[in-house]
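A.B. asks: Okay, here's what each chain looks like letter by letter:
Protein chains: 2
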Amino acid sequence: MRKNYLLTPGPTPLPPQVMEAMSRPIIHHRTPQFQAILKEATEGLKYAFQTKNDVFILSSSGTGAMEAAVINLLSCQDTALVIQGGKFGERWTELCKAYGVNVEVIDVEWGKAVNPVDIEKKLKANPKIKAVFTTHCETSTGVVNDIAAIGAVIKNSDALLAVDAISSLGAIDLKTDEWACDVVVSGSQKGLMLPPGLGFISVSPKAVKLIENSKSPRYYFDLRKAKKALDKMDTPFTSSITLITALREALKMMREDGLENIFIRHKKMADATRAAIKALGLELFAPTASSDVVTAAKIPAGVDGEKLVKTMRDTYDVTIAGGQEELKGKIFRIAHMGFIEEFDIITGISCLEKVLTQMGYKFPLGAGVKAAEEIFLK
Amino acid sequence: MRKNYLLTPGPTPLPPQVMEAMSRPIIHHRTPQFQAILKEATEGLKYAFQTKNDVFILSSSGTGAMEAAVINLLSCQDTALVIQGGKFGERWTELCKAYGVNVEVIDVEWGKAVNPVDIEKKLKANPKIKAVFTTHCETSTGVVNDIAAIGAVIKNSDALLAVDAISSLGAIDLKTDEWACDVVVSGSQKGLMLPPGLGFISVSPKAVKLIENSKSPRYYFDLRKAKKALDKMDTPFTSSITLITALREALKMMREDGLENIFIRHKKMADATRAAIKALGLELFAPTASSDVVTAAKIPAGVDGEKLVKTMRDTYDVTIAGGQEELKGKIFRIAHMGFIEEFDIITGISCLEKVLTQMGYKFPLGAGVKAAEEIFLK
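Top line first, the protein sequences correspond to chains G and E.
For the first sequence, counting from 1, position 86 maps to 185 in this note's numbering; every step adds exactly one.
For the second sequence, counting from 1, position 151 maps to 250 in this note's numbering; every step adds exactly one.
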């Protein structure tokens, strides 16, 4: 009789429609029957990406799509600028270095957003920069970067903008075309409400030129192969048939809801979570740039952060996330995205109150839930 | 009221236990709960691979695991020998070339198995060959290569043996350790009875040395990262949680049956299919080296091969495979692996008889089914 609640920034809970699609008998991928599914999923992705560009589906995690971005855009000895303000910003740097790309870094303090002016300065100082790699929502800190402003800066340069939207896509607004995002990468297990296993990547006409000229060695993630296959409504290698079938269902749900309503729902959940955190006397980790995707809060003095997360998960079946790397034991993170709604947040806050109380942290019991309810009533 | 039958060499039909596992609510991957699943799946893979070596699970199709083999073993300007007797042998060559590896090729006539003596000769003639890439069951032709004999030849050289066992693993015998296979790659959607989306790769101690020294650029498929993660019962990037959970179920079924019984079942289905093909007056495409995984038969004169496959699929919901590339329209392929059993084969043959008759091909109706029944009665 244990009931699980998942409030982690990936994976996120699966809607029943997705679970049903995951359990269907499989069909062959090189058939008109599967092509119809792939076509609908691809069109749905364009809707979610808010783009007219091609969006490719890769059988990989989101990191595979990030690798595809780096190796298809740049060659060994090219120069990239990476905005680095958390674990996933650092991943862009690691990827570039693995492929011999020279990296300039803007090191943003963890918990802060990048100042677009700093990007402008770097681009002016080094005209060799061919691509800027940034993170929309930095999942490790909960910070959201202003992609519209970043895009406006980069649009006026020769450089190209690549955005890691793995945790943000389908949760908060990302206008791929309007904001001049040349490449956007994402994954399946966040806002898109699916199990992990799919990576997505959109490419602008400006990006296509770089893809054709990149000298980086590549095969599995070669987007020239992906383009050739997509033109025949196929994937270059065996499609992840089941996940793509479930993707179609998830995107159908999202189109029915409408992106605008989805973003409003996410914002409300984020506001409620932030209000609850404050009402419990806790401090937001990113007070000036907290995303509507995931909220990070500091572990208060005297509380064992790792134990807090473990107790919620192993004793009460409410899974939130702890801190990663340098933030291990110092923060906890509550996701409010995908198939998470109002009463999941209430449950998460209630369980947090319960375990904090058991751990000796003092606050008026019910204060967090009350603060969240006030937001949801609005 | 349409009932689907899948007799393709990947994907193969999903057992109910796998479909049930695919439909479960998701859990987080960095939890003791998921680690227990990953541990059981990894141990099950070692059983299926018949190895004591590490077996890594990659979020990719089988081709991703092939790429992992090439880039982790070899560097640009290294020399490889590729055994090429079909579409998937050619893939090894394409992969090597994409990463600047010099390739020597043994071009085996499509439909024939390689002669291990030819490998011995090549190795003697060119001591620079660091690795031999071969295919266990060449899915495009139905041919099986004698890996035991190939392993015996290579063991006495400095070269290393890498085997594409994507369609063979869990269907026919492959003694990774006993036959000295340094690297074996496989995928989820064949003998392992899962949807596509997972790649597997086993590495011998001899292979580990090359992995440490390879200068090929790599990140997502870097097996040094995979090893580091596996030692902590983790994967380097977000695990394909749902597929790995289903993998555990499939491997549990396989352990309960026992590999030996599974191989006997596959052989019987293959014998029955081959007997049926002959009884219909059709010709095997690979009479001297036909695998127990998939049977390829020549399309008889006067029959439109593509129409045959399409009619079986679109009119009668029985999906078999046609020929690929140069064999398009010239052969059809019936898979007998994974969660396919006796009466699926009877169904496939019966549907083949029906459509061949409708297309004007002459034979004694029922002859194929009778021949298959005779084998199954033994």
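What the hints contain is simulated information worked out from the structure, not anything from laboratory work.
Errors might be hidden in some of the hints.
No copy labels: a pair is met if it fits in one copy or bridges any two.
[Said to hold, decoys possible] Cut-off 30 Å, straight-line C-alpha distance, at most; resulting in silico cross-link-like pairs (DSS-like, lysine-lysine):
#1 Lys406 - Lys308
#2 Lys314 - Lys196
#3 Lys145 - Lys429
#4 Lys406 - Lys274
#5 Lys145 - Lys229
#6 Lys429 - Lys138
#7 Lys326 - Lys406
#8 Lys327 - Lys377
A.B. asks: Take the hints in turn and mark each one as holding or not.
C.D. replies: Here's how the hints hold up against the structure:
no.: 1; hint: Lys406 - Lys308; result: neither (50 Å within a copy, 40 Å between copies)
no.: 2; hint: Lys314 - Lys196; result: both (15 Å within a copy, 13 Å between copies)
no.: 3; hint: Lys145 - Lys429; result: neither (38 Å within a copy, 38 Å between copies)
no.: 4; hint: Lys406 - Lys274; result: neither (39 Å within a copy, 45 Å between copies)
no.: 5; hint: Lys145 - Lys229; result: within (25 Å within a copy, 45 Å between copies)
no.: 6; hint: Lys429 - Lys138; result: between (44 Å within a copy, 29 Å between copies)
no.: 7; hint: Lys326 - Lys406; result: between (47 Å within a copy, 28 Å between copies)
no.: 8; hint: Lys327 - Lys377; result: neither (52 Å within a copy, 39 Å between copies)
Consistency note: the structure conflicts with the earlier hints numbered 1, 3, 4, 8.
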